[in-house]
Amino acid sequence: MEIFQQILFVAALAVAAWLITKRIRLISRAIRLGRPENRFDQPDERLKTMLLVAFGQKKMFNNPLVGFMHFVIYAGFVIINLEILEIILDGILGTHRLFAPYITSVYPILIDVFELLAFGVLSVCIIFLGRRFIARVSRLQASRHHELQGWPVSDATIILVAEILLMIAFLTWNASDSVLRDRGIGHYGALQGVVPDFLISQFLKPLFTGFSDTGLVVYERVAWWAHILGILAFALYVTYSKHLHIALGFPNVYFSDLQPKGEMQNMPEITKEVQLALGLPITTEADGSQVNDNGLQSGADSPAEIGRFGAKDVQDLKWINLMNAYSCTECGRCTAACPANITGKKLSPRKIMMDTRDRLEEVQRGWKMHGSEYKDDKSLLNDYITAEELNACTTCQACVNACPININPLDIILQLRRYRVMEESQAPASWNAMFSNIENNMAPWKFSPGDRFNWADQVNDLK
Amino acid sequence: MTQEVKTYKVPTMADMAASGEEPEILFWVGCAGSFDDRYKRVTIAFVRILNHVGIKFAVLGPEEACTGDPARRAGNEFLFQMQAMSNIQVLNGYKVKKIVTACPHCFNTLKNEYPELGGAYEVIHHTQFLQGLINDGRVRVKDGQPFKGKKITFHDSCYLGRANKIYEAPRDVLAALDADLVEMKRVRANGLCCGAGGGQYFKEPEPGNKDVNVERVEEALSTGADTIAVACPFCMTMMSDGVKNKNREDSVRIYDIAELIAQKQGL
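Those protein sequences? They're chains A and B, same order as listed.
Oh and the first sequence: position 51 is 101 in our numbering, straight run, nothing missing.
Oh and the second sequence: position 75 is 71 in our numbering, straight run, nothing missing.
Each hint should be verified, as a subset may be incorrect.
What the hints assert, rightly or not - Here are the simulated DSSO-like pairs of lysine-lysine, each with C-alpha atoms no more than 30 Å apart in a straight line:
{"hint": "1", "chain 1": "B", "residue 1": "5", "chain 2": "B", "residue 2": "93"}
{"hint": "2", "chain 1": "A", "residue 1": "513", "chain 2": "B", "residue 2": "147"}
{"hint": "3", "chain 1": "B", "residue 1": "5", "chain 2": "A", "residue 2": "513"}
{"hint": "4", "chain 1": "B", "residue 1": "206", "chain 2": "B", "residue 2": "181"}
{"hint": "5", "chain 1": "B", "residue 1": "146", "chain 2": "A", "residue 2": "513"}
Read the hints as simulated data drawn from the structure, not as lab findings.
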């Protein structure tokens, strides 16, 4: 009987590992679709940012109450993994509470902490469901935010309910186990006197005292299997879900933008053209590297292949933009802070991230169905994100500031704008007027450049 | 200009270079500061302060051109770099080291975006500069009038605040005026945009329920302040339009930080 369970467990573990690895490879291939971008500089600063913002949850605490509740789930996730280690070893070796006899003094304390966290996670998940469906927090409502309609709401509900069920399985498993131990049955009884009752599950014991010995063993096994299979299934589910942020949040913060928020990234391929146009010495290669004195010649010999100006589709974006998309958990803090969205315009920074991810998943489906070279005739711009959304952005960086894991929706918006303006000449007419004013009058308005200094005449007589 | 004997002087870099002089700072006026009738008053207020404290400064005058900020943010990188590199040629030609500007958009572009194109300068915003003058005692403001007890609220400019983390300098200057600084609901890193950045100033807003500047002015008015202080030419226009939209232009005034200091000094 025991060996049968062991075989089943190892098989379940192997299947889960195989499926999850396949997903990870697919996602990492999708992220590598993006253009190269060096985010490996300043390792000290990056590590510091990751410790503060990802491990330390710094930006979550901008809203202390929600920050605390999220921290409970986060700590639960990180720390309960220790318990999962024991569960997995028990499953493989056919043992029961493998660590207990070796660390008798610490073991009950550890389990008490896990139970406290499990209870915390359970409570917070219930409160989070309440925030969505009873308190109806605005940024989480599909009725207010078009991008949440359909799957995103189901996804969020599945995650919260799954976590509640996993925690119930864990706590009732401990409770039924304690009753079996009290009754001195089999290997459960062997731990009598070694393992005491636990902090939370002791209160659940009355639920099980009416069970027969067999019924109790069945419940204990079912709860144990439900807990661990649930965790494996959830881990796989996460790779299809916004909940992927539990893994990608960390690298996403590590590789986040360290420049001042107002700085818009330079386009070296344009620098070269402008230098040629102005008759200046060439200082930059299209790939951004600085060239030496004879750079002009070598540049002429091997014209670098210039891709698109700006981005039309996901492969024109940088890999970090694509990682951002997979890391986004659709919390909507960006959208709630966006002045365009606040005043009822179509732009939603959250939708920009969700669209990017949706488009990436569409590309993946194409790979799966038609082979890895497959290309469809769709693109992120137009098929997902419209000009009206892009044109509404004030580049105020509120979305960038609001994101708890340093996602940058603005960077994607700006790259799409560049494509529309430079490749398609699709700027709004009044922007084209502004462009030609700058070009001809050196100011965005139609004033004569010769009048630029006229203000100085008033320095002494203005009252 | 320089021949006439006047109280306030506005030397240009060309004048300075001709007489073999080097100014301490270059005052980058910006397009709004040069052409916008309302913001010209801010330019003049700042120039009077510079004269008043006796700092050796100069402007580019007719040699100045748009930094390219609205073009870049609207997506026209080519035009931006054309502007940037021409400006850098002029600035480097005069061996400019230190720039002060009253426009946060110019400030951000000169400070963060020009270095990569070959233009590295020490760039400071006029609120930081004024804060420095007050701290050094070169501008004395601690005598109550005319702001004592007046309720002033400060509207954070995105390109000063979030973009470059300058939140305290304008507030320190306001505090030094002895005014009663009342904060809006959304301030500092959470400040709400005036609605003009990213090229929005130069086109009609996209359809929505409301214009961004109206939302922001409602927030400012709800503080009960009768003065809205700004530190950006675009915020100035957007806030003024918003106040007009609310028919409050008779009771609520919009001033730039530099104007408040100039008023305090009787300049």
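Original post:
For which of the previously enumerated hints does the structure constitute a violation, in increasing order of number?
Top reply: none
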